[in-house]
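A.B. asks: Chain by chain, the residues:
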Amino acid sequence: MLGAKESVNYYEVLEVAPDAPQHEVHRAYTRAKATYAQDNPALYSMFTKDEARDLLKLIEEAYAVLGNHGLRTNYDSSLKSSAPQRPFTSVPKTDSSNDFAHHSALPDFAVPDPSIPGSFEERSSPAPTATKSEAFPPASTPATTPPAAAMMDPIHAAATGKRESILVTNGEFTVRKRESVVPLMPPDTGRCPLGTYKIDEALEQEIAARTEFDGPYLQKVRLYKQVSLEKLSVASRIGKTYLIALESNDFKNLPAPVFLRGFLVQLGRQLGIDEHKVVSSYMGLAKASEKYSSKYGI
Amino acid sequence: MNDFTPNPFKLNPKSAFGKTPTKSSKTPTAIWAVGGGKGGIGKSFISTSIAICLTRMGKSVTLVDLDLGSANLHTCLGMKIPSQTLSDFFSGRATNLSEVSTATEIPGLHFISGFNDALNVADLDPNNKQRLIEGLRTLQTQYVILDLGAGTSENTLDFFLAADQKIIAVTPEPTSIENAYRFMKSSFYRKLRTAESELGIQGLIETAMDSKNKLGIKSPADLIRYISQKDPQVGERLKEKIGDFHMHLLLNQVRTREDIELGESMKSVCRKYFGIESDFLGYIDHDNAVWQSLRKRRPLVIEYPYSSIVGQFLGITKNLLNPTPLRAVI
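For the protein sequence lines, the chains are A and B, in the order given.
If you want my numbering, it's the position in the first sequence, counting the first as 1, plus 34.
If you want my numbering, it's the position in the second sequence, counting the first as 1, plus 449.
Just chain A, same shape as in the assembly (with noise of 0.2 Å):
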């Protein structure tokens, strides 16, 4: 788009009245990103693909401001004073802000070694894209796993008993036994469902032995595991902002106690932590604080 993008109004981004209420601003925001989802028709000859991937990424930034209670009200002062419209400083500062425009880029290894064979097969395919990347692995199978096998995994595992993962190669199905590949890996790498990491065993003890997980911690866990936030937003099905909400301790922007629980359940998995721990910790919190109580009345 134009070079001058410090003059894009986020409610122009998101085609709402700047007095929209939450639930427009949401819905805007979902036909939004339903309008420059890339094999939209109603999008020929007129965007181009990195167009409108720039949109999406618009889009997806403005509803991080507006969709989130806080960020919304600071950003509406800052537009009545016309100052700067990008009021980014008070999204928590962690490696989100780097994955609008590098989460393709991002590897799944901390330290990639190439020479190993098997372990690294599906970098070679093309780097998933945004949409693509929408059927990525559920929770159970692992994160090596194209989307494609992802409906196989289940008969396999179901038949053999076994965990396997499947991985493409020259554009055909291989199945090799999951046992095959792990020994595979540097010694030192642990493997979550969503990657693999270099193993801190201080830190590994220490989150084992935890029993209280807030918002910090859980990022504070995510980071360790070498886990983004779009990968897991995508992975858990959990909107980016709630996760952002969510680490950040904002019980505010939280939903309501039956859909959080549901949310910190798919954490915990894709994590690799124990869910019921997340589950009543995380849960404890949010009830306790005046603002949550208070807004969904319990």
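Hints may contain errors.
With a straight-line Cα cutoff of 30 Å, these simulated DSSO-like cross-link-like pairs (lysine-lysine) come out [as the list claims (entries may be wrong)]: (1) K663(B) / K91(A); (2) K688(B) / K67(A); (3) K83(A) / K640(B); (4) K688(B) / K91(A); (5) K83(A) / K487(B); (6) K67(A) / K663(B); (7) K91(A) / K679(B); (8) K679(B) / K114(A); (9) K91(A) / K254(A); (10) K67(A) / K634(B).
Hints in this document: simulated from the structure, not taken from any laboratory.
Model, not experiment: these values are computed from the prediction.
Let chain A serve as the given structure and place chain B on it in line with the hints.
C.D. replies: Only chain B this time, still in chain A's reference frame:
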């Protein structure tokens, strides 16, 4: 069909609709144009149906066939070729446009045919074009509906831009979508050209377009934003000038739910691309009744008055007449 129920659209000159409402001389004639670039997407069908729906609402309407060169609107209406057509007006045999207007058997509906073997829309000279546009404004009916031809010839664009309500017909197919956008872009740039000569800012736009890659200008919205930054005053006036370039998207031949969402998507794309509001007027289902009525050479609204598409057309016409959005009251 409907032998047992009275047909509200039955042609009865003695009915309440029988009296042709005449326009009071104070209110100007409103011009609605139906365009869309691609051929065969139902422009003639849409303009005929909207025109008849308007007469059902007690308005007087003139339907004008501007698909010069391949005029066939008389067939849609189930008429013979009128003795007087637009070519008589252009050649000067008829001095007044109302002389070539023929009353149809539908009460309140008049028709101006563009039929002539030798006449092509591209050959229309500027004088006659101006005469025609002025003539349309002075017609004695409340509404004038222009059925435009396919393609993006300058004359077609000028008729489209002269209209008060600009309707873009589109079907949910890539070819139609592409041509609809092409048509929008062409008419938008034509509008921009007239606006820039009126404001005397040719230089500004030309410099912007010369170095558009350097400035990152990829769409009209970017261009307007750039001009507003350069000179806020001129930017405001330019926005005002092109502000009436408001298009109504009408989706025809809809078969699935996803097709309907295309309307909203196109609206958003237009807004992001042109930087101008447009709206999604509504959609018409794909229905064999259209084809059947055409085979019978009878307008659908008359032939199948109870079909769901007629309901959709009535809704769309109402929307055009009174564009207040319906809102649920909770």
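A.B. asks: Need the list of violated hint numbers for this structure, in ascending order.
C.D. replies: none
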